[in-house]
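2 protein chains.
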Amino acid sequence: MALIVQKYGGSSVADAEAVKRVAQRIVAQKKAGYDVVVVVSAMGDTTDELLDLAEQVSPLPPGRELDMLLTAGERISMALVAMAIGNLGYEARSFTGSQAGVITTSLHGNAKIIDVTPGRIKDALAEGAICIVAGFQGVSQDSKDITTLGRGGSDTTAVALAAALNADVCEIYTDVDGVFTADPRIVPSARRIPKISYEEMLEMAASGAKILHLRCVEYARRYGIPLHVRSSFNQKPGTWVVSEVEETEGMEQPIISGVAHDRSEAKITVVGVPDRVGEAAAIFKALADAEINVDMIVQNVSAASTSRTDISFTLPSDSGQSALAALKKIQDKVGFESLLYNDRIGKVSLIGAGMRSYPGVTARFFDAVARQGINIDMISTSEIRISIVVEQDDVDAAVAAAHSEFQLDADQVEAVVYGGTGR
Amino acid sequence: MALIVQKYGGSSVADAEAVKRVAQRIVAQKKAGYDVVVVVSAMGDTTDELLDLAEQVSPLPPGRELDMLLTAGERISMALVAMAIGNLGYEARSFTGSQAGVITTSLHGNAKIIDVTPGRIKDALAEGAICIVAGFQGVSQDSKDITTLGRGGSDTTAVALAAALNADVCEIYTDVDGVFTADPRIVPSARRIPKISYEEMLEMAASGAKILHLRCVEYARRYGIPLHVRSSFNQKPGTWVVSEVEETEGMEQPIISGVAHDRSEAKITVVGVPDRVGEAAAIFKALADAEINVDMIVQNVSAASTSRTDISFTLPSDSGQSALAALKKIQDKVGFESLLYNDRIGKVSLIGAGMRSYPGVTARFFDAVARQGINIDMISTSEIRISIVVEQDDVDAAVAAAHSEFQLDADQVEAVVYGGTGR
Numbered sequence: 000m001a002l003i004v005q006k007y008g009g010s011s012v013a014d015a016e017a018v019k020r021v022a023q024r025i026v027a028q029k030k031a032g033y034d035v036v037v038v039v040s041a042m043g044d045t046t047d048e049l050l051d052l053a054e055q056v057s058p059l060p061p062g063r064e065l066d067m068l069l070t071a072g073e074r075i076s077m078a079l080v081a082m083a084i085g086n087l088g089y090e091a092r093s094f095t096g097s098q099a100g101v102i103t104t105s106l107h108g109n110a111k112i113i114d115v116t117p118g119r120i121k122d123a124l125a126e127g128a129i130c131i132v133a134g135f136q137g138v139s140q141d142s143k144d145i146t147t148l149g150r151g152g153s154d155t156t157a158v159a160l161a162a163a164l165n166a167d168v169c170e171i172y173t174d175v176d177g178v179f180t181a182d183p184r185i186v187p188s189a190r191r192i193p194k195i196s197y198e199e200m201l202e203m204a205a206s207g208a209k210i211l212h213l214r215c216v217e218y219a220r221r222y223g224i225p226l227h228v229r230s231s232f233n234q235k236p237g238t239w240v241v242s243e244v245e246e247t248e249g250m251e252q253p254i255i256s257g258v259a260h261d262r263s264e265a266k267i268t269v270v271g272v273p274d275r276v277g278e279a280a281a282i283f284k285a286l287a288d289a290e291i292n293v294d295m296i297v298q299n300v301s302a303a304s305t306s307r308t309d310i311s312f313t314l315p316s317d318s319g320q321s322a323l324a325a326l327k328k329i330q331d332k333v334g335f336e337s338l339l340y341n342d343r344i345g346k347v348s349l350i351g352a353g354m355r356s357y358p359g360v361t362a363r364f365f366d367a368v369a370r371q372g373i374n375i376d377m378i379s380t381s382e383i384r385i386s387i388v389v390e391q392d393d394v395d396a397a398v399a400a401a402h403s404e405f406q407l408d409a410d411q412v413e414a415v416v417y418g419g420t421g422r
Numbered sequence: 000m001a002l003i004v005q006k007y008g009g010s011s012v013a014d015a016e017a018v019k020r021v022a023q024r025i026v027a028q029k030k031a032g033y034d035v036v037v038v039v040s041a042m043g044d045t046t047d048e049l050l051d052l053a054e055q056v057s058p059l060p061p062g063r064e065l066d067m068l069l070t071a072g073e074r075i076s077m078a079l080v081a082m083a084i085g086n087l088g089y090e091a092r093s094f095t096g097s098q099a100g101v102i103t104t105s106l107h108g109n110a111k112i113i114d115v116t117p118g119r120i121k122d123a124l125a126e127g128a129i130c131i132v133a134g135f136q137g138v139s140q141d142s143k144d145i146t147t148l149g150r151g152g153s154d155t156t157a158v159a160l161a162a163a164l165n166a167d168v169c170e171i172y173t174d175v176d177g178v179f180t181a182d183p184r185i186v187p188s189a190r191r192i193p194k195i196s197y198e199e200m201l202e203m204a205a206s207g208a209k210i211l212h213l214r215c216v217e218y219a220r221r222y223g224i225p226l227h228v229r230s231s232f233n234q235k236p237g238t239w240v241v242s243e244v245e246e247t248e249g250m251e252q253p254i255i256s257g258v259a260h261d262r263s264e265a266k267i268t269v270v271g272v273p274d275r276v277g278e279a280a281a282i283f284k285a286l287a288d289a290e291i292n293v294d295m296i297v298q299n300v301s302a303a304s305t306s307r308t309d310i311s312f313t314l315p316s317d318s319g320q321s322a323l324a325a326l327k328k329i330q331d332k333v334g335f336e337s338l339l340y341n342d343r344i345g346k347v348s349l350i351g352a353g354m355r356s357y358p359g360v361t362a363r364f365f366d367a368v369a370r371q372g373i374n375i376d377m378i379s380t381s382e383i384r385i386s387i388v389v390e391q392d393d394v395d396a397a398v399a400a401a402h403s404e405f406q407l408d409a410d411q412v413e414a415v416v417y418g419g420t421g422r
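Line by line, the protein sequences give chains A and B. Number 330 in numbering that gives the first Met the number 0 belongs to position 331 of the first sequence; there are no gaps in the numbering. Number 12 in numbering that gives the first Met the number 0 belongs to position 13 of the second sequence; there are no gaps in the numbering.
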């Protein structure tokens, strides 16, 4: 029998009414003949409320206990979803991450999945039950303590279970209609992308598109699990994330799939780094030791007169203070002159597998941005992505300019012929 | 090292401030050199809120899922208590019932503890940590599903852990100062009982005193665990529940320990039961099959003219409807005439090991009640208890009359010499 794994986010199970609506969706798939495994997040604001309680009790709660606390959230939502399904006449059983066999590392708050051994899920499916699994959580291999998976954890749980159960598809339900060519709050004419490749989706996620987390897409690509991103509030077709977007389906691959943006990064410039072998390595080793994820890196050509160079990089702005502290520690050893910090930046990225075969995309992108009078501060590229850093206030205009330039607006859509809207 | 098991009820951990106060109490015992294991209930209204959510989703939620839902409550409180202790510089680790080795039957909502295998608790104690354990919950031996223990479950968890860990004492923290000679809301001059035997406490609990649940006291008696009932809001000495209240400590055993009352019962009279062998058995078998707990039973002498008799019994009034239904099913077979139902009754019980050696207690009790013009409807006695059933509106007056008659009022206390207030 075909198996579907569904994941519902916090907004999809925000209250009793939402839980009942989700239960009807789940039962509809069961009625259609599928085995169904459902991964749920905590209801709406539960996690924030629990974090608030923790803060009132302790300014720096131990990770083990914070994980114990937060996992209460999914426990509540999964039991309620199971009850609502029972009320529709179908049997549902809820399972914690630990009961579902989600084995993780011991890093509380940001554990990684090591293995998934869903023996109890398989048994329950074989007995005809619908399985409801707590997202975002697991049990550590070493200490058998409860862990949480950090950001994107529920999506990752769903994909990992889909892989372990050899599911036919993993449906990610959310509060938007799918993946869009740009954030519709910035570009009202943005369109839903019916189908996108794992690679493009990875670049979208890494470039600030919040709909799917990087880890989840990476996991899906590694195990070849088709993802179907759609709204739990309507029956619209959503977005498929698959291994290859075939051009044979009468579908002409658009040059650009979408425009992503990210305002959460900051830029640090290390000024006057002596132009000697190994200095850049020392800087990035210090950052790695402090567990800071560096994104874009730009090194200027050194001024011949000084034999010194500037190195700029971007990083999540909430890592800013610890990065500056880590760098100050090695200032004397490396011998750089000073540090500059700017968190008023934004990143705008153009993503599309089509740009592989269309030269000139970079030039058109930069030109479109320049026509808006926007200055480009940093540039980084991959085979299917071009990212630029601009002033934070210029992000919206840059996104809109790029979106329009590559004919992604809905009123330009006739120019691009898409294939089917699903599979 | 001496080991203390403490249990804090929902009102003792009702909010962040209460959690911090409890943490200080726990740390004080640790500082005093004890190993400490703490059992916590869900915070204040959490259980009611979760039940309300369940009701919104399903009118009759499956027991398995209701247990999964409700156990989120203790998960939250235990993590918060552990965090608050960590904030005071001591290591605390929280454990679910399952992690603490509380193995139960599979009866969701009212599971019984089969075994306690607290291996992880012992390890954590050996490493110097304070252990925080979720009360009210366990894991079923057969299906490995999460269960709850029903009423009094957290107290029972604490006593069961104390027995399995061979603890020196089990402290039950609550929002009152201990066990009183009567409910202080009815008898303002009621006094705290400094020390009481398991047997008397069992009779108190069975007679409606709500401070300790019957199961918890039974468990403590079976394993000889001294219970210390006290308030988490002050440092008052509370009440000790122990195997024997020695008369050797310069303490004269009072005749009566206390007066308990219970308004939660109803009375059913089976009218005109044929006076044949086995008819009463048939009636009570039907009730037992419907899992109804019958309390007091009175059978009238049969009227010689009719060869029929009336049988009256009391039962929890929330079982009233199912009891009537069970009896109606056997009406034709047994051949009784009719059923009478009265839920406007109340039970008043006099409890005291001293009444063993003081004849005339019954007469004094009945006389004191009669002087208030109160009619006695049913009577039942044990070696250390006398219970009467009266009109519900007469309960307060009957309690006050008995309390005064046996010199339990605070202004009469000089007449009775108590021993020490602790151990």
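Any given hint could turn out to be false.
Chain copies aren't distinguished; within one or between two, either way the pair holds.
[As the list claims (entries may be wrong)] Pairs of lysine to any residue residues, derived as SDA-like cross-links and limited to a Cα-Cα distance of at most 20 Å, are as follows:
hint	residue 1	residue 2
1	328	359
2	328	338
3	19	58
4	328	318
5	143	90
6	327	309
7	30	242
8	19	52
9	143	119
10	143	126
11	328	104
12	19	61
13	143	116
14	29	168
15	143	125
16	327	108
17	235	191
Note that these hints are calculated values from the structure, not bench results.
Under a CA distance limit of 20 Å, which applies to residue 143 and residue 116: within one copy, between copies, both, or neither? both (14 Å within a copy, 16 Å between copies)
Since the copies are identical, ignore which copy is meant and state whether residue 19 and residue 61 lie within 20 Å (CA to CA) inside a copy, between copies, both or neither. Classified as between; 15 Å across copies, 35 Å inside a copy.
First find the shortest C-alpha distance between residue 143 and residue 90 inside one copy, then the shortest across copies, and answer within, between, both or neither for a cut-off of 20 Å. Result: close only across copies, 18 Å inter versus 29 Å intra.
Identical-chain pair category, residue 143 with residue 119, by Cα at 20 Å: So residue 143 and residue 119 pass the 20 Å test inside a copy (17 Å) and across (10 Å) alike.
When Cα atoms must be at most 20 Å apart, do residue 328 and residue 318 count as within-copy, between-copy, both, or neither? Intra 16 Å, inter 72 Å, cutoff 20 Å: intra-copy only.
With 20 Å as the alpha-carbon cut-off, assign the pair residue 328 and residue 104 to within, between, both or neither. neither (30 Å within a copy, 59 Å between copies)
Pop the pair residue 143 and residue 125 into one bin, within, between, both or neither, using alpha-carbon distances up to 20 Å. Answer is between: at 18 Å across copies they meet the 20 Å cutoff, but 27 Å inside does not.
Between copies, within a copy, both or neither: which fits residue 19 and residue 52 at Cα up to 20 Å? Classified as between: cross-chain Cα gap 12 Å, same-chain 28 Å, threshold 20 Å.
Check residue 327 against residue 309 for me: Cα-Cα at most 20 Å, and say if that holds within a copy, between copies, both or neither. within (15 Å within a copy, 92 Å between copies)
Up to 20 Å between alpha-carbons, please classify residue 143 paired with residue 126: within, between, both or neither. Between copies only: 16 Å across chains, 28 Å inside a chain, cut-off 20 Å.
With identical chains treated as interchangeable, where does the CA-CA distance between residue 235 and residue 191 reach 20 Å or less: within a copy, between copies, both, or neither? Within. Shortest intra-copy distance 10 Å satisfies the 20 Å Cα cut-off; inter-copy 67 Å does not.
Which holds for residue 327 with residue 108 at a C-alpha limit of 20 Å: within a copy, between copies, both or neither? Classified as neither: same-chain Cα gap 28 Å, cross-chain 58 Å, threshold 20 Å.
Of the numbered hints given earlier, the model fails hints 1, 7, 11, 16; all others are met.
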